[in-house]
Each structure stands twice: as structure tokens, then as C-alpha cells.
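*Asks:* Here's the letter readout for the chains.
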Amino acid sequence: MRKLTSAITSALVFLVCGHAFAQLSDNVVKIGVLNDQSGPFADLGGPGSVIAARLAAEDVGGAILGVPVTVVSADHQNKADIASNIATRWFQSDAVDIIVDLPAGPVASAVHGVGRTNRKITIVTATSADALTNEQCSPTGLAWRYDYNAMSKVFTSALGGKDTKWFFITLDFAVAVDLESKMSHFIREVGGKIVGSVRHPPNVGDFSSFLLQAKASGADYIALATAGGDLINVIKQASEFGIVRGGQKLVGLSMQLTDVRSLGLPLAQKLSFVQSFYWDADDTSRAWAKRFQEKAGRAPTEGHALVYSATLHYLNAVKAAGTDEPMAVMAKMRERPVQDSAVSKGVVRTDGRMVHDILLVEVKESGQSSSEWDLLKVVKRVPGNEAFQPLVESKCPLK
Amino acid sequence: MANLVAPTLSSSLRYQSWIFAIVLLAYAVAPLVTHPLFLMQALCLTLFAASFNLLAGHAGLLSFGHAAFFGLAAYVSAHAAKVWAWPPEFALLGATAAAALLGLVFGVLAIRRQGIYFAMITLALAQMVYFYAVKAPWMHGEDGIQNVPQGVMFGLFDLSHQLTLYFVVLAVATAGCLFIYRVVKSPFGQVLRSIRDNENRAISLGYRVDRYKLIAFVLSAAFSGLAGAMKAIVVQLASLTDISWMTSGDAVLMTLVGGIGTVFGPVIGALVLVLIQDRLAHLGSWVMTIHGVVFVLCILVFPRGIVGGVSRLIKKPL
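Top line first, the protein sequences correspond to chains A and B. Take 1 as the starting number for the first sequence in the working numbering and just add one per residue. Take 1001 as the starting number for the second sequence in the working numbering and just add one per residue.
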């Protein structure tokens, strides 16, 4: 009899109070940071992204509506199979509400797809993959970085111009070839000329033939549609051939702060590329970078800042919606502008792309740097609606 | 001779059948405990490891290029299901046939040499296939073939339903492993082992050694292909990782950890690999280190692998 009474009492209690708890599933708001922690992207994201997500959790006071915010992480080793496995387990058994970061093309697409199947939110911050907001767009998948359109437009608006001559050294992968064709389109639109283009196989050690062709072409700009180790190699060898000294300028289409650091200023100087965030861009970014540096022991990259921004925006949207039900939160994420220490004047569009201001940065010359991470200067800030692919052009059926 | 051999075979067959039934039952109820995607990947890798074990453990041919069969079949199956809209059973069959064909080509070239030279030739051939995969337009390079439809098998089983897919995968993997087991226990398997142990003696006994090795190679390639084709449908993706040398390394790792030449080694080896990759992923960059440590430990401390070690302990072949 006593058991029955206590059972009925507790049921009644839950009926009354359970109402408030039921809004936030499993009594926890869990952020999953799924990225590469041991391979080529470990410096761009890796453990730093986990710290960035935790900073966002701190900024909402560590809890939302009385429920704690926790951050979990895992290394997907850049393998789509492992990533799908972990993402599925997180969504189905581990009560993870959102997955962020997700570097490397096919991995991002795979997890974006897992999010679509499970109707849970994923935010890709670490790669630009245009398809995520075009053919592969999903009602619960967002892309927080610049797309290829934005990259190309920002470059050509600042560097291109009538009669400028461009030469491409492109990695022979679909992504890079895509980027080259987008870039070429915009170069021609502003009146520039493509005087030559070569494709290089991945992990090629010797760029001499490609660089000599670039030198002989007489191009003003040599666009490097390549990344990682290949990018570092081609820049190093370019200096050996005296390309920059000869007056031609190198443009790193897909470059990061960490690449500049590994090259060192003498080699990388005057290289320009595109970023969503640079720690030294203004006072707010500097303040945030200081907080990050205290926890991580190094300056934040664009990847870290975007993880912070995406996580914070999500958490604020959950607070505003009063629930973590994915579609309700997505609606709030689209309603509210993205405004934080990393991103300003950001808007989440119906195709899933977060449109924001893009920075064109240039590597400083050796004498101009005053500290270990003081490597870039912001040359231009392009408003989001000018840079990104317009919504009307998106192939997303949901827009 | 036959009388001496037969009793041992049938007694080991009995308790091995029991162990097999237990493993099958465990896999059948496992979806209650953990999500099926993880288990399906383990099953595909079990078949992959079993086919590799056939070649390495029983024929004594250590190949470093098995990812070519696994990966090519994954791509063919993905392409057949997505672009040609074949039903899954035909996609799997077609992909297995493609892998067997590739195995024939590799085999004819590689069988001429032994030991380390054989391994290097298989590695080189597999790398050629990898670079073909990077360039071939139908394979979409870095992106791979994504969003592979799962379809309806035999017009009856809707594979987009996770549990249905799981039991289909379990059935196919079981059938594949059973076939390999049958091959291993047959007179053909006996001859393979004799070739492994002393090739010259086998030749002097009149066996056409090259033919046996080639058939073993093609069988191994075909079943690796079946595993890869299934994996593509399960994960709905065929990517360059499947055809890279790292996957070849995974095959070697699974077989060595499980126990080379044993029957149940592949089951354990595959589980260990998937567990490390999945459950330890939260350790971040330590996962690769653990991977390496497991490999080194197995070679130094358990040269016969986990199942091989247990088998030695209980003094019964496993």
C-alpha cells in the first residue's frame, strides 16, 4: 500500500514539475565537437574547438533554463565512416543535441546527412563545401563559414580588376577545381584574364615545373588553389625561384593562420587570403582572443572562433525558444542575428548558410610583427550580402 | 590417413559450431544494447578480415593491397545503386564480381613472387587502383559517392529501415563467413595449408601450386569485395578512405589482433578495431597512439592474436 501511495505521489509530482523538465530533453544540453584531433586539421580545430565551445557555454552561465550545458568531443580521424558512427551514437544514445566543427569535405557531408536523418542540428564550421547549402541542404544543417562564392568575390573585388593577369596552380581534386572555376568566373567578370592554369597531383614534392610555368606566364597574381602540406611546399619553393621578388603576387585561396605560422613571415609575407575571423581585427575579437589564449595557450584560428560563434548562437536560441526541440531552435536561429565576438552582422539563411562579413587579410612583413601570433593585417572587410552566393542562386529546394 | 584426420575434424566442428551459434546469437540480440550502425560496420569488417585471413592465414600469402578489392567493390556497389538504380542484391553481386575480377588480375601478376616481394607487388597494384579512384570522374575524387540509396532487397526487405538492413547484413556476413569456413575445412583448404607450410613438397606431390594460390586469391578478393559493397550500402558512402593503404593496414591489423589462421580471429579483430575507433574517439589524438600500441603489443606479446592465444590455452583449435 505504501509503495502504491509513493508511486502515485511521485507520478503526480512529475506530472506537475515534469512539465518544465520535459522541454529540455534528457535534462542536459549537450554540445558535440566532432573534428580531427590527430591529423592535418588538428591545429585549425582540434582541442581548440572544444575550448571554444566551452567558452560559449561559459557565456550563457553554464546552464540554460536550469539545465547544465556540457561539451563532449571526439576525433573522427578524417574518416567519414568513423564520423557517421560517432554522430549516430551521439544523436541516438548519448543525448547530444548538436554537433559542430566537422572538418574535411566528405566527413562534413556524411554527418550533415546523419543530422538530416535523425532530425538533429549540425553546424559545419570547418569547411566551405558549397554543396551543403545547395544540393545537400537540410532543414537542420547549417554552414557557418564563407562559401566558394564569397572566397572568390572577396579576392577579385580587392585584387582583381581590369586587365589583371592570373595564373592558377590547382590541386587535382574536385574541391579545388571547383574553386578555380568559380574564381575564374569572377576574375573574368571584373575584366581580368586567366593566362594559364596547371593541375598538380596531391602530395607532390616538387613544384618546379608548375612554378616556372607560372613565372613565364607573366601573370600578376598566382592563385594557389591548394592547401595543407602542398600549399606550404609551393610557397617555399616559390621563394626559391624568386617569384615574389620578381614582382608577382601569390594568392592562397584556402589558407589559414596556422599555415602562415608554419611558413614564417619571411616566406609568407604579402600573401593574401580570406578569413571569417582574425583575432587582431578589432577590440572585441582581441578581447575574445585573450580569453581563448588564457585557456588554450595560443591564439585562436578562424575555426575556433566559428565554433564559439555557432555554439553561442545555438545556446541563445535554445534559451529564446524555451526548448531544445530542433525545429523550434532552428526557427529562433534564423530569426535572431548572429552578433558575437567572432562574427558580426551574421544572418542564418533558409538554405542553411550563415552570411556574415568577410575579411581579406594580408601577411605582414617580417619587421612589422610584434608578437608570436601577430602575423596578419586586415586589408578589407566585405559585407556578407555582397560576398556570398545570393539566395536566389542557391540550388537548395528548401529556400 | 582419412581415418586419422576425420575424427579430429568432426569433434572440432562440433564445438566450433557451438561457438559460432553463440556469436551469431550475440549479434542477433546486440541491437537491443547498441545502435545497429556500429554493429553493421563490425560485421562488414569481420567479413573483410575473414577473407584476408583465408589468404594470409591459410594460404600464407600476406597481401598489403586488400583495400583495392574492398574499396573498388564499395564504389561499384555505390555507383550501381545510385546511378544505375540497381536493387541492392544486384549491386552487391556486381560489386563482388568486379572485386573477383580485379583479384584475378592482381593474382596473376603477384603470385609469381613470394613473401615480401608478393606483399610489395600487391601494395603497388593497390596504390595504382587508389590513384585511379582519385582521378576517375565516376568516383568523384575526394567527395566519393555520397547518399547511396539503400533500396529494397528482393522486392521484400526495405533496407532504409535500420533493423531490416541490420539483419540482412548479418545474414550476408554470416553466409560469407560460413563459405570461407567451408573452404578452409575442405580438402582444398588442406592443400592450401600444405602449400603454406612447404611449397616445394606440395609441388613434388603433384599439386599445381600456382592454380591453388590463384583460386585462394580470387576467393579472398571476392569476399573482401562483398564486405566493401555491403559497407557502401550501410554507410551510404564510398570514399577514398575505403580504397587507401590504411584500409589494407586495417585488414592486416584485424587479422593479426584476432589471430592469424584461426576461425574466430576475424570476429574479435573486427570488434577490437571498431571499438577503438568509436568508443575511444573522445580521447582525441590518443586514438592513433592506442592503435599503434595495440598493434605492437599484439605482435610482441600475442603473436598468435587474441583467439590464437586462447586457443593455445584451452588446447583446442579456434
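What the hints contain is simulated information worked out from the structure, not anything from laboratory work. Some hints here could point you the wrong way.
[Stated by the list, open to error] Part of the chain A face toward chain B, derived, beta carbon under 10 angstroms:
#1 G46
#2 P47
#3 A63
#4 G66
#5 T70
#6 S73
#7 A74
#8 S84
#9 I86
#10 S93
#11 A95
#12 G113
#13 V177
[Claimed, not checked] Far from chain B, by Cβ distances over 12 angstroms, these chain A residues were calculated:
#14 D178
#15 Q213
#16 V392
[What the hints assert, rightly or not] So the derived label-pair ranges between C-beta atoms look like this:
#17 B:L1163 with A:T323: 55 to 63 angstroms
#18 A:N203 with B:L1093: 30 to 38 angstroms
#19 B:I1299 with A:S371: 24 to 32 angstroms
#20 A:R245 with B:V1301: 52 to 60 angstroms
#21 B:M1120 with A:R188: 46 to 54 angstroms
#22 B:A1028 with A:E135: 54 to 62 angstroms
#23 B:Y1015 with A:N118: 39 to 47 angstroms
Just so you know, these numbers come straight off a predicted model, no measurement behind them. By construction, the Cβ of each residue, glycine as well, lies at the ideal position given by its N, Cα and C atoms.
*Asks:* All hints are to be evaluated individually against the structure, with a verdict given for each.
*Replies:* Hint check results:
1. With its C-beta approaching chain B no nearer than about 7 angstroms, A:G46 sits inside the 10 angstroms limit, and its interface hint holds.
2. At about 6 angstroms, the closest approach between the beta carbon of A:P47 and any beta carbon in chain B falls short of 10 angstroms, and the interface hint on this residue holds.
3. At about 22 angstroms, the closest approach between the beta carbon of A:A63 and any beta carbon in chain B exceeds 10 angstroms, and the interface hint on this residue is violated.
4. Contact between A:G66 and chain B, as hinted, is not supported at the beta carbon level, the nearest pair being about 26 angstroms apart and thus beyond 10 angstroms.
5. Given hint, A:T70 at the interface with chain B, is violated; its Cβ is 12 angstroms from that chain's nearest Cβ, farther than 10 angstroms.
6. A cut of 10 angstroms between beta carbons decides the hint on A:S73: the least distance to chain B is about 6 angstroms, and the hint holds.
7. A distance limit of 10 angstroms between C-beta atoms decides the matter here; for A:A74 the minimum to chain B is near 4 angstroms, and the interface restraint holds.
8. Hint status for A:S84 relative to chain B: holds, with the closest Cβ pair at about 6 angstroms, below 10 angstroms.
9. Given hint, A:I86 at the interface with chain B, holds; its Cβ is 5 angstroms from that chain's nearest Cβ, closer than 10 angstroms.
10. The criterion of a C-beta within 10 angstroms of any C-beta in chain B is met by A:S93, whose closest approach is roughly 6 angstroms, and the hint holds.
11. A hinted interface residue such as A:A95 counts as satisfied when its beta carbon comes closer than 10 angstroms to some beta carbon of chain B; here the least separation is about 13 angstroms, so the hint is violated.
12. Restraint check, A:G113 versus chain B: the minimum CB separation of about 7 angstroms is within 10 angstroms; hint holds.
13. The interface hint given for A:V177 holds, since its Cβ lies 9 angstroms from the closest Cβ of chain B, which is under the 10 angstroms cut-off.
14. Taking the minimum C-beta to C-beta distance to chain B, about 10 angstroms, the non-interface status of A:D178 is violated against the 12 angstroms cut.
15. No Cβ of chain B approaches the Cβ of A:Q213 within 12 angstroms, the least distance being about 21 angstroms, so the stated non-interface status holds.
16. With a least beta-carbon separation of about 25 angstroms from chain B, A:V392 lies farther than 12 angstroms from that chain, consistent with its non-interface assignment.
17. Distance hint check for B:L1163 and A:T323: the Cβ-Cβ separation is about 29 angstroms, which falls outside the suggested range of 55 to 63 angstroms.
18. Take A:N203 and B:L1093: their Cβ atoms lie about 36 angstroms apart, and the range 30 to 38 angstroms holds.
19. Between B:I1299 and A:S371 the Cβ separation comes to about 47 angstroms, which falls outside the hinted range of 24 to 32 angstroms.
20. In this structure the hint that A:R245 and B:V1301 lie 52 to 60 angstroms apart at CB holds, the actual value being about 57 angstroms.
21. Our hint of 46 to 54 angstroms for B:M1120 and A:R188 holds, since their Cβ atoms are close to 48 angstroms apart.
22. With their beta carbons about 38 angstroms apart, B:A1028 and A:E135 fall outside the hinted range of 54 to 62 angstroms.
23. Against the hinted window of 39 to 47 angstroms, the Cβ-Cβ separation of B:Y1015 and A:N118 comes to about 42 angstroms, which satisfies the hint.
Of the hints listed earlier, those the structure fails to meet are numbers 3, 4, 5, 11, 14, 17, 19, 22, in rising order.
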